[in-house]
Structures are given as structure tokens and as C-alpha cells.
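A.B. asks: Counting in numbering that gives the first Met the number 0, the sequence shown runs from 0 upward without gaps.
Don't read these hints as lab results, they were simulated from the structure.
The structure presented is a predicted model; accordingly, all values stated were derived computationally and were not measured.
The C-beta atom is built at its ideal place from N, Cα and C for all residues, glycine as well.
Take these hints with a grain of salt, some might be off.
What the hints assert, rightly or not - Derived pair list, reagent style SDA-like, types lysine to any residue, alpha-carbon separation capped at 20 Å:
no.: 1; residue 1: K92; residue 2: E71
no.: 2; residue 1: K60; residue 2: A117
no.: 3; residue 1: K91; residue 2: E164
no.: 4; residue 1: K60; residue 2: T103
no.: 5; residue 1: K60; residue 2: S136
no.: 6; residue 1: K91; residue 2: S136
no.: 7; residue 1: K60; residue 2: R88
no.: 8; residue 1: K91; residue 2: A135
no.: 9; residue 1: K91; residue 2: G143
no.: 10; residue 1: K91; residue 2: R173
no.: 11; residue 1: K60; residue 2: D147
no.: 12; residue 1: K92; residue 2: I55
no.: 13; residue 1: K92; residue 2: A135
no.: 14; residue 1: K92; residue 2: A160
no.: 15; residue 1: K60; residue 2: H83
no.: 16; residue 1: K92; residue 2: S136
no.: 17; residue 1: K60; residue 2: D89
no.: 18; residue 1: K91; residue 2: T163
no.: 19; residue 1: K60; residue 2: Q122
no.: 20; residue 1: K91; residue 2: Q122
no.: 21; residue 1: K60; residue 2: G146
no.: 22; residue 1: K60; residue 2: A124
no.: 23; residue 1: K92; residue 2: T163
no.: 24; residue 1: K92; residue 2: G121
no.: 25; residue 1: K91; residue 2: Q61
no.: 26; residue 1: K60; residue 2: E162
no.: 27; residue 1: K91; residue 2: T54
Stated by the list, open to error - Restraint-style ranges between C-beta atoms, simulated for each label pair:
no.: 28; residue 1: G51; residue 2: P132; range: 29 to 39 Å
no.: 29; residue 1: V67; residue 2: L128; range: 39 to 49 Å
no.: 30; residue 1: V81; residue 2: S106; range: 36 to 46 Å
no.: 31; residue 1: H130; residue 2: K91; range: 33 to 43 Å
no.: 32; residue 1: S145; residue 2: V81; range: 18 to 28 Å
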Amino acid sequence: MKINERISQMLKIIKTSKTRYLSAAAGAAVVLAGTAALAPSASADVPAAKHGVQTIELVGKQTSAGEVDLGEPGVSVGDQRVVHEDLYRDGKKVGDHSTVCTFTRVSPAALQCVGTFALPEGQFAAQSLLHLPAPASVDVGITGGSGDYRTARGFIRTVPAGETERHFTVYLQR
């Protein structure tokens with residue numbers, strides 16, 4: 000086999016491996032973005048009944064996603080996964096969510112994810128350090144907001160619900 004053919008095959012393998020790896024990372028990272036109504040039992044261990052905590056159930060349905068390959072070819076520190084989702088509450092579109100996850104370590108994988116939720120009452124931001132493989136649910140800290148959410152604190156429990164959908168339970172203190 001000629002060297003050019005061998006290099007071409009290696010590049011195809013690297014590209015396929017990167018796409019699979021980033022897709023898996025995206026699935027885990029998108030945990031920050033989408034929304035769907037969760038069954039009450041899914042969040043029964045969360046102290047939502049505390050005074051002053053508002054619970055918002057959302058479903059996120061991905062509308063676009065992409066990878067940004069920075070630095071070395073293939074998965075490397077600094078590469079990013081960008082996702083946008085429409086947010087639904089009780090089957091009605093109520094807003095949108097975008098998140099960017101940046102690889103901070105490749106093996107084992109770790110990503111710094113930052114996302115923003117935009118709802119009619121305002122926006123709130125959340126961030127998390129995500130380790131792969133990701134657990135079944137991830138709690139993401141709310142870091143601030145605007146509008147009615149300008150004093151927002153709390154966290155968002157995210158649960159994947161397929162390749163392009165996420166369920167979010169927002170535990171919000173204002």
C-alpha cells in the first residue's frame with residue numbers, strides 16, 4: 000500500500016473516531032441544554048419543597064449542533080461542541096437554550112460546559128465540569144440571570160432522553 004493511501008486511510012479513521020467521540024460527548028454535554036417534563040419520581044431525591052424554590056420542568060429538542068476542531072487534528076484540548084435547542088413546557092415552545100462545551104482533558108475526557116436558557120421572563124446561565132462517560136443525570140449550577148431571573152441561584156438536573164432531546168428540571172431560587 001502506498002504511503003498516500005495509508006495516510007488517507009488513517010485520516011478517515013481519525014475523523015470517524017473523532018466524530019463518534021464528539022457525538023458521545025455531545026450527548027453528555029447537551030445535558031446542559033434541552034428540556035422535557037420529568038416524572039415526579041425522577042427528582043424525588045431533590046429538596047424541591049424547600050421554601051423559596053421554584054421548580055420548572057422543560058424539554059430541550061436539539062435544532063443544531065456542531066464541533067469545532069481547534070489545535071491538533073482529532074479530539075484535543077480546546078475542541079468544542081456547540082448545541083442549540085428549542086425549549087418546551089407542557090408541549091408548547093417557550094424558549095431556547097444554547098451551550099458550548101470545551102474539552103479541558105481528553106483521556107479521561109473532561110469538558111467545561113456553559114449554557115444559557117432564554118425564557119419569556121428572562122435568561123439564566125449555568126455551567127458545569129462534565130466528566131465522560133457522563134452519569135445518567137447531571138446537576139448543573141445556575142450562575143446568574145437577567146429579567147425575572149436576575150437574582151437566580153440553584154441548579155438544573157439534566158437527563159438525556161435520546162440522541163437529540165434532554166429533560167431539564169430547574170430548581171430556582173430568586
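A.B. asks: For each hint, tell me whether it holds in the structure or not.
C.D. replies: Tested hints:
In summary, the hint linking K92 to E71 is not supported, as the alpha carbons are separated by about 39 Å, beyond the 20 Å threshold. For the suggested pair K60 and A117, the alpha carbons sit about 14 Å apart, so the restraint of at most 20 Å is met. The suggested pairing of K91 with E164 holds, with an alpha-carbon distance near 15 Å, which does not exceed 20 Å. Annotation: proposed proximity of K60 to T103 is violated, straight-line Cα distance about 26 Å (limit 20 Å).
For the proposed pair K60 and S136, the alpha carbon gap of about 17 Å is at most 20 Å, so the pair holds. Restraint check for K91 and S136: not satisfied, since their Cα atoms lie roughly 24 Å apart, outside the 20 Å limit. A C-alpha spacing of about 11 Å is found between K60 and R88, which places the hinted pair at or below 20 Å, so the restraint holds. Between K91 and A135, the direct Cα distance comes to roughly 26 Å. Violation of the 20 Å bound is thereby established for this hinted pair.
Simply put, K91 and G143 have alpha-carbon atoms about 25 Å apart, too far for the 20 Å limit, and the pair is violated. Our distance criterion of 20 Å between C-alpha atoms is broken by K91 and R173, whose separation comes to about 24 Å. Under the criterion of a C-alpha separation no larger than 20 Å, the hint pairing K60 with D147 is inconsistent with the structure, at around 24 Å. Our distance criterion of 20 Å between C-alpha atoms is met by K92 and I55, whose separation comes to about 14 Å.
A threshold of 20 Å between alpha carbons decides the hint, and for K92 with A135 the separation of about 25 Å lies outside it, so the pair is violated. Between K92 and A160 the alpha-carbon distance is near 17 Å, which keeps this suggested pair within the 20 Å criterion. For the suggested pair K60 and H83, the alpha carbons sit about 8 Å apart, so the restraint of at most 20 Å is met. Distance restraint check for K92 and S136: the Cα-Cα separation of roughly 23 Å exceeds the 20 Å cut-off, and the hinted pair is therefore not satisfied.
Only pairs whose Cα atoms come within 20 Å are accepted, and K60 paired with D89 is accepted, the gap being roughly 13 Å. Only pairs whose Cα atoms come within 20 Å are accepted, and K91 paired with T163 is accepted, the gap being roughly 17 Å. A threshold of 20 Å between alpha carbons decides the hint, and for K60 with Q122 the separation of about 18 Å falls inside it, so the pair holds. Distance check on the hinted pair: K91 and Q122 sit about 18 Å apart at the alpha-carbon level, within 20 Å; holds.
With a C-alpha separation of about 24 Å, the suggested pairing of K60 with G146 is violated against the 20 Å cut-off. A distance of roughly 18 Å separates the Cα atoms of K60 and A124; the hinted pair therefore holds under the 20 Å criterion. Our distance criterion of 20 Å between C-alpha atoms is met by K92 and T163, whose separation comes to about 16 Å. Taking the CA atoms of K92 and G121, the gap is about 15 Å. The hint holds against a cut of 20 Å.
Under the criterion of a C-alpha separation no larger than 20 Å, the hint pairing K91 with Q61 is consistent with the structure, at around 15 Å. Simply put, K60 and E162 have alpha-carbon atoms about 10 Å apart, close enough for the 20 Å limit, and the pair holds. Of the pairs offered as hints, the one joining K91 and T54 holds, with about 17 Å between alpha carbons and a cut-off of 20 Å not exceeded. Range check, G51 to P132: about 35 Å between beta-carbon atoms, so the 29 to 39 Å window is met.
Range check, V67 to L128: about 19 Å between beta-carbon atoms, so the 39 to 49 Å window is missed. For the pair V81 and S106, the supplied restraint of 36 to 46 Å is violated, since their beta-carbon distance comes to about 22 Å. At roughly 34 Å, the beta-carbon separation of H130 and K91 lies within the given 33 to 43 Å, and the hint holds. For S145 paired with V81, a C-beta distance near 21 Å keeps the hint of 18 to 28 Å intact.
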